[in-house]
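K.L.:
Here are the chains, one letter per residue:
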Amino acid sequence: MFNYTLRRLLLAIPTLLFIALAIFLLLELSPGDPMADMPLTIPPEVREQMRLALGLGEAWYIRFFKWLYLFSVVEPSHVLANMTGLDWLAIEGQRIISFQTRSPVGDIIAQRLPQTLWVVGLSYIFGIMVAVPIGIYSAYRQYSWFDQAGTFISMVGFSLPTFFTGPLLMLIFSIWLGWFPIIYDTTLVVDSWYDFGLQLRQMAMPVFVLTLYNAAQITRFMRASMLDNLTQDYVRTARSKGMTEKVVVLVHVLRNSMIPVITVIALGIPTIFTGAIITEQIFRVNGLGALLITAIYASDIPMVLTLSVVFAILIVLFNLIADLLYAVFDPRIRYD
Amino acid sequence: MPDGATPVLDVKNLKTVFATRSGEVHAVNSVSFDLRPGELLGVVGESGSGKSVTMMSLLGLLPSPPAEVRSGTVMLGGRDILKIGAEELRNVRGREVGFVFQDPMTSLNPVFTVGFQLCEPLRKHLGMSKAQARNRAVELLELVGIPDARRRLGDYPHQFSGGMRQRVMIAIALACDPKVLIADEPTTALDVTIQAQILELVKELRQKLGMAIIWITHDLGVIAGIADRVMVMYGGQVAEHGPVREVFANPAHPYTRALLQTMPKMHGARDAKLRVIEGQPPMLTRQPAACPFTARCAHAFDRCGRENPARRDIGHAHDVACHWDHTTADPLTAAEAPA
Ligand SMILES: Nc1ncnc2c1ncn2[C@@H]1O[C@H](COP(=O)(O)OP(=O)(O)OP(=O)(O)O)[C@@H](O)[C@H]1O
Ligand SMILES: [Mg+2]
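So the protein sequences, as listed, match chains A and B. All the letters of the first sequence, read from the start, carry residue numbers 1 to 336 under full-length UniProt numbering. All the letters of the second sequence, read from the start, carry residue numbers 1 to 339 under full-length UniProt numbering.
Hints listed in this document are in silico derivations from the structure and should not be mistaken for laboratory results. Check before you lean on any hint, since a few could be wrong.
To be verified - With a straight-line Cα cutoff of 20 Å, these simulated EDC-like cross-link-like pairs (lysine to aspartate or glutamate) come out:
#: 1; chain 1: A; residue 1: K246; chain 2: B; residue 2: E87
#: 2; chain 1: A; residue 1: K246; chain 2: B; residue 2: E88
#: 3; chain 1: B; residue 1: K203; chain 2: B; residue 2: E139
Based on the provided sequences and hints, a complete structural model is requested.
P.N.:
Spelled out as structure tokens, the structure:
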């Protein structure tokens, strides 16, 4: 299994290089111009100087390799230095600079990450916690009113996009009832119970919207997987041994049913970062999704490129993790 | 066979109905039989004749809905186990009655070790500690002829062959030393040599442990080899029942006769055609007011289409549910054989 992991990780490197190159070239070919926002009064020669200062004067392949070096060596060293507090880890010199803010992309991403994790990550965890028990019970009592209601709600949660449910909730709870703030205040520092209350209130709606969406999806998977297993012969065997329904369902059936569900959950983790783009935009949460959108609008090529490749890495990584989890939970699967 | 001893299991008028979209299916219709201590009762009948449903009804193992055990009594250990509560019934399953199912490939849980699955009933029913259960599990695996038993406790079902898995299933069913073992076509999914080994094993275990066994099979040859009594089922009913020698020597029901004729004979003429029973098994969607075999029966007469025959005693502990008298080859009138 160790060898398998190593092999997969090594195989991931060319894949990611190719993805990075593809994104780079796409951005290169895209019509946006980072100078477009500058006042028209700037004389053309100054404008040209500014372009050169941004590093846009060099051939594309030089820029790509420079970016690649900075992305894989320099930026991680700074992030690591910040995390550990060991300043000597950071490599001095050139960094990937965002066109828009003129600060290093690594620092901006590190700054925005907590917002995304708090709102989107939390709703993913809530989603799982809600979905798994509902899925189990729905399957065990198939066609009961509980199952019917659950199926209906998850259909709704699944088919209504967050850009519909989001504004709807805002209309009801912020504008009509005034319970929750419309705008997520990123600068809020939680150091008192009062601020904690504020934080909870501003998180409530985005977390709810995303939880509904995540839970809807995972519930469907959980229910289907349980139903598949409840009719298996080994369930009858467990009952014929005199096992209680609790043991039959929560030990025998659940353990089998979790295998595909865990894989789906692992595969879904990268969408915490990518899928939040729309929700963050709606609730004005200053996270990674919002960062990507504003960077695209501003033709902030280093930022867009870096973020997209980070997302690509997450997706490749969690694909591998999903495969490994499969082997951990299913004794029939062995990688060697 | 201790004839006349009090039966360990006594089933009377068992009726099981499935609710389906196209109406009710009467899968088991007034089935009665008993099982005496240490005896082996063979149950035969073609696919869909209700053998499995009968046995699963006894222990409430059918999914409900759609299944409903509508009436009947199942006496085991002095009480009717159709009437007892869920918890008490669970104490019967695995403790007093062990079950072995047809397909050893799917009957074991793929994600738990064989040791875990074998220890479960030991810990639940006999209250053993982990260590005690493991020791007993080793003994059980050795008993059913699995070599290197202690090491194999940690293996998963997919690491065993089909025959070995069926041995494990038998070990699980026998774990708590039940009075009754119900084996539902335990060898159908196995190849012939493995089948013979499992049969040998069961014969041997029966001698050692002395439990009563119900053995369901399609194979009359197997019945002839191991059973004391045989019950022939057709269309959810008992067609004929009696001691094996007696039934094989004097088959009274046209269906049993046909079954015996379909048996390939080892010493028969080489060019003898393999015989089949013509026609389709009956649809069980209506409460049969006729004999279910009528449509396929060579001896059917008008009464067979009107009246479902009751089982009548024909001597030598042998009974048959048929309006036709096999001794005289004559139709019986209502006076001679009341329905
Ligand atoms: N879930 C179900 N829903 C409806 N009818 C069912 C269901 N399960 C079984 N039956 C009916 O019960 C009848 C008896 O089935 P059973 O499985 O007992 O047959 P069997 O004698 O064991 O056959 P086999 O030799 O193939 O195992 C069948 O005719 C079938 O139509
Ligand atoms: Mg069957």
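K.L.:
With reference to the structure, classify each hint as holding or not holding.
P.N.:
Verification of the supplied hints:
1. Using a Cα cut-off of 20 Å, the hinted pair A/K246 and B/E87 holds, with the two alpha carbons roughly 12 Å apart.
2. For the hint pairing A/K246 with B/E88, the CA-to-CA distance comes to about 16 Å; that is within 20 Å, so the pair holds.
3. The suggested pairing of B/K203 with B/E139 holds, with an alpha-carbon distance near 18 Å, which does not exceed 20 Å.
This entry satisfies every hint, going by the numbered hints stated previously.
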